[in-house]
Amino acid sequence: MKALEASYSVAYLIAKSGAAEMIGETLVKPAAKVMVQVMIGDKASKAIDCVPLSNNTVHRRITDMAENVKRQLLSRVQKSCYYALQADESTDIVNLANLLLFVRYELNNEVHDDILFCQPIPIHTTGKVIFKVIDDFIKNNYLDWSRCVGISTDGARAMIGSKKGVVAHIQAVAPEAKSTHCCIHREALATQDMQADLKQVLDEAVKIISFVKGHPLNARLFSQLCDEMGSDYTHLLFHTELRCLSRGKVLNRLFELREELQVFFR
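Per numbering that gives the first Met the number 0, the very first residue in the sequence shown carries number 0; after that it's consecutive.
Hints listed in this document are in silico derivations from the structure and should not be mistaken for laboratory results.
Keep in mind that the hints are not guaranteed to be accurate.
[Claimed, not checked] 30 Å max Cα-Cα, derived DSSO-like pairs, lysine-lysine: (1) K1 / K15; (2) K28 / K42; (3) K28 / K78; (4) K15 / K248; (5) K198 / K163; (6) K138 / K127; (7) K45 / K28; (8) K28 / K248; (9) K15 / K163; (10) K78 / K45; (11) K15 / K45; (12) K42 / K78; (13) K28 / K1; (14) K32 / K45; (15) K177 / K78.
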């Protein structure tokens with residue numbers, strides 16, 4: 000039982016850190032054995048072998064915990080008298096379009112915000128298609144449209160079209176829902192100015208990323224190279240001017256793959 004609990008605890012830490020799932024058996028477990036052996040002894044070190052941390056096991060543990068969190072969140076929203084939604088389209092590192100839906104709800108006289116779901120959608124989407132994804136989730140999880148009092152979106156036509164946009168479809172089934180426009184993009188544009196030397200470093204990083212990510216062949220070759228070198232990651236992250244908060248993650252990933260990039264550009 001303790002080994003099972005330890006396995007879930009380590010899987011939680013791996014998921015929280017964003018590290019590759021394979022790190023459980025390639026680093027965490029060997030490191031734990033070494034520390035226990037040095038600090039306590041060989042007998043205690045052998046107990047670490049009972050903790051399952053294979054790649055597949057860690058993946059299952061993370062999936063189990065994600066399902067548990069989902070059930071808890073849905074239970075909270077179902078108990079709330081009212082809730083509001085915020086929808087946003089985003090493209091991931093492998094150029095797949097995803098729909099992010101956030102929910103704001105009331106619990107014990109306090110307002111809470113959480114990610115309700117992230118689901119893939121076709122790249123060329125219409126308001127009807129996006130609404131169907133949201134509507135299916137709401138109905139399949141027994142949420143009540145009549146309790147929806149707000150919907151926030153960006154300025155995309157598929158979102159705010161007066162007749163066929165997502166907002167129009169939602170207000171048709173949730174008449175009390177008030178529409179608001181997300182201001183995050185405007186705030187991001189207002190923070191674009193930076194020092195010249197920092198801007199130069201960022202521009203060089205963007206050129207490197209664009210050369211690799213902007214050409215499908217380069218992206219595939221680089222991904223294969225990273226896989227052969229046993230890297231934790233196989234993709235660079237795209238830099239987007241509007242998403243200023245993503246700059247740190249973009250540069251961190253570039254730095255983590257610096258050795259792979261040196262080999263790639265030889």
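Hints and how they fare:
no., hint, result
1, K1 / K15, "21 Å, holds"
2, K28 / K42, "16 Å, holds"
3, K28 / K78, "41 Å, violated"
4, K15 / K248, "15 Å, holds"
5, K198 / K163, "41 Å, violated"
6, K138 / K127, "16 Å, holds"
7, K45 / K28, "11 Å, holds"
8, K28 / K248, "27 Å, holds"
9, K15 / K163, "39 Å, violated"
10, K78 / K45, "47 Å, violated"
11, K15 / K45, "27 Å, holds"
12, K42 / K78, "50 Å, violated"
13, K28 / K1, "15 Å, holds"
14, K32 / K45, "7 Å, holds"
15, K177 / K78, "21 Å, holds"
The structure is inconsistent with the numbered hints 3, 5, 9, 10 and 12, although it conforms to all the rest.
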